[in-house]
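There are 2 protein chains.
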Amino acid sequence: MAEPGPPPYWVVIFTSLRKGADEAYDETAEHLESFVRDQPGYLGMDSVRGADGLGITVSYWADEASIAAWRRHREHLQAQERGRADWYSRFTVHVGRIERAYGNDRPPA
Amino acid sequence: MAEPGPPPYWVVIFTSLRKGADEAYDETAEHLESFVRDQPGYLGMDSVRGADGLGITVSYWADEASIAAWRRHREHLQAQERGRADWYSRFTVHVGRIERAYGNDRPPA
Chain A
1 MAEPGPPPYW VVIFTSLRKG ADEAYDETAE HLESFVRDQP GYLGMDSVRG ADGLGITVSY
61 WADEASIAAW RRHREHLQAQ ERGRADWYSR FTVHVGRIER AYGNDRPPA
Chain B
1001 MAEPGPPPYW VVIFTSLRKG ADEAYDETAE HLESFVRDQP GYLGMDSVRG ADGLGITVSY
1061 WADEASIAAW RRHREHLQAQ ERGRADWYSR FTVHVGRIER AYGNDRPPA
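Protein sequence lines, in the order shown, are assigned to chains A and B.
Using the working numbering, the letters of the first sequence map in sequence onto residues 1 to 109.
Using the working numbering, the letters of the second sequence map in sequence onto residues 1001 to 1109.
Looking at chain A on its own, in the form it has when it is part of the complex (with noise of 0.2 Å):
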């Protein structure tokens, strides 16, 4: 589970709706992965896909600007062109500033 730390911070929520099974999608999200963990201001990520196609991933940044050159990265690029035309039937994008954070194991922050 992400640990951004302490807001504020920045969130970028996808929720998208797959077509169905495709090898590449697998393989460009392991590889997309592998990019945006070395992005600047990235803070973390949660990712979950239900057995009927729906999924949410929730991605924690620095701030705008860390959102923007991800949004622009090559690959990502790519990657978006190809969720346009081929993988999700339907998807939002839903940016944000996260103002409070608490959990089970943390004090309200």
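There may be inaccurate statements among the hints.
As the list claims (entries may be wrong) - Footprint (simulated), chain A over chain B, 3 or more residues, beta carbon under 8 Å: (1) 1009–1023; (2) 1030–1040; (3) 1051–1057.
If you are wondering where the hints come from, they were derived from the structure by calculation, not from laboratory data.
On a predicted model such as this, the values are computed, not experimentally measured, just so you know.
By construction, the Cβ of each residue, glycine as well, lies at the ideal position given by its N, Cα and C atoms.
Following the hints, complete the assembly by docking chain B onto the known chain A.
What follows is chain B alone, placed relative to chain A:
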């Protein structure tokens, strides 16, 4: 997939790791879902749990007051207690303000 309308609005990201199967959990989840839909300021929700027990629930809200009211809702408080005690080995809550939203069926807002 949630359609909260044009930003800004607020978001609660609940990330959790379940201990295992529990019938009472499913009942409570359904029960709460019927309540949350009637909460003032509730704008929609997406929820996914993976086979490994990791789950992400993202709910959208008109403002912080709506989030605070739902957090204090009687049935929700009871569920929060059961969650801490019985259902989750770990969870985190992130609360923030969504500033931008887009998708494959709508332009950047």
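Here's how the hints hold up against the structure:
For a cut-off of 8 Å, the count of residues in the region 1009–1023 of chain B with a CB near a CB of chain A stands at 4, and the three-residue condition holds. Restraint check on the region 1030–1040 of chain B versus chain A: 0 residues with Cβ-Cβ distances below 8 Å, three needed, restraint violated. Look at the region 1051–1057 of chain B against chain A: 4 of its residues bring a Cβ nearer than 8 Å to a Cβ of that chain, three or more, so the hint holds.
Of the numbered hints given earlier, the model fails hint 2 alone.
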